[in-house]
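Spelled out from the first residue to the last, the chains are:
Protein chains: 2
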Amino acid sequence: MRQSKLFSKTLKEAPKDEKSVSAKLLIRAGFIDKVSSGLYNFLPLGYRVHKKIEDIIREEMNNIDAQEVYLIALHPKEFWEKTNRWGIKEIFKLKSQSDKEYALSWTHEEIITPLAKKVISSYRDLPKYVYQIQVKMRDELRPKSGILRTKEFIMKDLYSFHYSKSDLDNYYERVKNAYFKIFERCGVLPFTYLTLASGGTFSDYSHEFQTICSAGEDTIHICSECDFAINKEVKSEFNRCPVCGNNNFVKKNAIEVGNIFKLGIKYSKAFNLTFKDENGKNKTVIMGCYGIGLGRLMGAIVETNNDENGIIWPEEVAPYAVHLIKLEDKEAIEKISDKIYRDFKKNNIEVLYDDRTDKSPGEKFAEADLIGIPYRVVVSKRTLSKGCVEVKRRDEDKAELVKIDSIVSKFRF
Amino acid sequence: MRQSKLFSKTLKEAPKDEKSVSAKLLIRAGFIDKVSSGLYNFLPLGYRVHKKIEDIIREEMNNIDAQEVYLIALHPKEFWEKTNRWGIKEIFKLKSQSDKEYALSWTHEEIITPLAKKVISSYRDLPKYVYQIQVKMRDELRPKSGILRTKEFIMKDLYSFHYSKSDLDNYYERVKNAYFKIFERCGVLPFTYLTLASGGTFSDYSHEFQTICSAGEDTIHICSECDFAINKEVKSEFNRCPVCGNNNFVKKNAIEVGNIFKLGIKYSKAFNLTFKDENGKNKTVIMGCYGIGLGRLMGAIVETNNDENGIIWPEEVAPYAVHLIKLEDKEAIEKISDKIYRDFKKNNIEVLYDDRTDKSPGEKFAEADLIGIPYRVVVSKRTLSKGCVEVKRRDEDKAELVKIDSIVSKFRF
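Heads up: the sequence lines are chains A and B, in that order. Going left to right, the first sequence walks through residues 1 to 413 as my numbering numbers them. Going left to right, the second sequence walks through residues 1001 to 1413 as my numbering numbers them.
Some hints could be false.
[To be verified] PhoX-like cross-link-like pairs, simulated, lysine-lysine; straight-line CA separation at most 25 Å:
1) K89/A x K1095/B
2) K1082/B x K1095/B
3) K117/A x K1034/B
4) K364/A x K1128/B
5) K392/A x K359/A
6) K118/A x K1009/B
[Claimed, not checked] Here are some chain A residues pointing at chain B (derived, C-beta under 10 Å):
7) K5
8) V21
9) G46
10) A73
11) L104
12) Y129
13) V135
14) M155
15) E334
If you're looking for bench data, these hints aren't it; they were derived computationally from the structure. Just so you know, even glycine gets a beta-carbon here, dropped at the ideal spot from N, CA and C.
Make a model of the complete structure from these sequences and hints.
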């Protein structure tokens, strides 16, 4: 992508109404755009990151045998009455021209459970795992910290259906492992803790994945020995770490980037989702649900991967692999830069090419740091005189000179 | 995907409340699921098709230099008041807990235009092309024909911004060509006609892409000479075909699968979207918009690609390339079938594997025809005795025997 054609522009100043680091950086760098309180558009750079996160999650969900579906966002009221949840204040509600009432997709248990009822009738139909990556809307009174808490966001929600508690337990562990992989690939794992949180009627506790950051709204207590964490809401129930027995904890602010939850029979009971077991006996299906908010995860990545100059994208979620910068407007430099750009594209190396003629070298470097693409490749008079270009990692200070002939092979893995 | 694990099941009977061929087939074959009037979930097979259509559209949009964004679906009322469109009856409206009013995304001109205003100020910033693939919600009084007309659907909407009418005209032609490619790749082009339709204040006419089918709600008049068509709504203005001068037309029912529209300055004026030209003079940006409804296109594909036994998916949008059927439950047959399944997967040949043990050969064949995957590969005692499997195209009657050793290379292109 030629930066001269890019839809978005960077901003000199951080918007005054944003407090969190991630919101300030993402808006200044042209990744997102605030429309109204809790409502953000994703601009081309931002949507590229969002889609990379989506692809990572999709791959890891497929790896644990989950099948992708797409459930409606507009939910007839009667589905929410069945579970006695129509009264939840954070559910957006509306009426059609013909006076039919709907809820907007606050979550999707009310849709997936009756759907599962259409395809599950025997133990032979179990287990089943389905997920979607779809929009959720929540009437938040206090949306906060940019895309960390919004009124509208894309969520991955996985639902599992089981014939026994032990089958649910097994799958729960598989999902937990998949989540660790997702957070590792997204670059937040070093800051992310598996955290015991409150459960429901079926299970005493659930697990959250909490990423340490100052903008986090949750408080977690991290065991100083084994890295297991406990959410503040249930901390009083534990004097010692339930994993290692240690009684020393460190308190931190964190943001919940994912959660896994044993629903048990709460929703299957409401919709009478049953199956016939091997003996022909009717039993209630046991369910689990597992969520990740994509925008929030993107925000958490930025909260934990930045410096005073801007974002530092982890490689797998970066909008582009390389930021190619034509430093001066001389013809020889443009010719070489254009050729490197074409060669990168030919070799499927994702590249943002700063081909702009109205920016100074200082402005170009500052914008590159702000946008935070992992590698910067600079073409200038100085480097060309040595037959080289300059390559620098965003997270390192030292640059290296690379021969022009071998620049493509440096990035083709 | 092993069919024994597939989330969806086929249905013996078409649902009684569905009239259109596409809705009947898509529901029976387990591609979509009706939740309520005008609201359909996409099941794993259906969502695979939907995503393939999405990928085709994305590729063709990127080919005409459009950049992908993601605009919010929840629109603050004030944006719709600016264009005097808040009163449109088909817009779903809602109020938050704190009494703020919102429209649901009926379309996105009200969001993209103020966003464009933030990045366009000079002729140097033009042209710009952005698109999204996002949910639209419309309060349809009479949703009809399954996914051909729904209350909620995914739409690709592209918006272009220009400094001159001729620049818009040029891009309009590029989009028109991209649309022809999309409809060709989706297998509806032989049934799809470029159709003159009513315009707006800026342009007398717009163009629709109309696909002939009995479930179509529109009526178009097709020139018997040159295949150009005219929508009934503007037909009275033309005695002769504006392309070739012929005066003989054939009247057909059709469904609008896409439209391209020169908006002119309607929305840029409402939001005061201007730019400084080469002489420093303020001018109003000229806009175009271009839509494709993905669910409707999927419905139109089925309307035009089926026979009395089921769907016949065009190859590029088929949920899988091959339907592998293990015809009997003998161990030798299972061993070979399993091996072919693994080999297909290893070679990235997308395969649905009917490994079920509780279905007769007749049931398996009938379901394969209903689901409509382009190639059927059958492993049976009869073919194995010749060291072969049987390969049949869904749209042909004749099957051929292919040596087991060379079955993979038949599908690896």
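Going through the hints against the structure:
1. K89/A x K1095/B: Given pair K89/A, K1095/B holds - Cα atoms ~12 Å apart, limit 25 Å.
2. K1082/B x K1095/B: holds, 19 Å
3. K117/A x K1034/B: holds, 13 Å
4. K364/A x K1128/B: holds, 22 Å
5. K392/A x K359/A: holds, 20 Å
6. K118/A x K1009/B: holds, 9 Å
7. K5: Check passed: Cβ of K5/A comes within 7 Å of chain B, closer than 10 Å.
8. V21: violated, 22 Å
9. G46: Holds. Min distance 8 Å.
10. A73: Holds: closest Cβ of chain B sits about 6 Å from A73/A, inside 10 Å.
11. L104: holds, 8 Å
12. Y129: holds, 8 Å
13. V135: holds, 6 Å
14. M155: Violated. Min distance 13 Å.
15. E334: Because about 18 Å separates E334/A from the closest Cβ in chain B, which is outside the 10 Å limit, the hint is violated.
Of the numbered hints given earlier, the model fails hints 8, 14, 15; all others are met.
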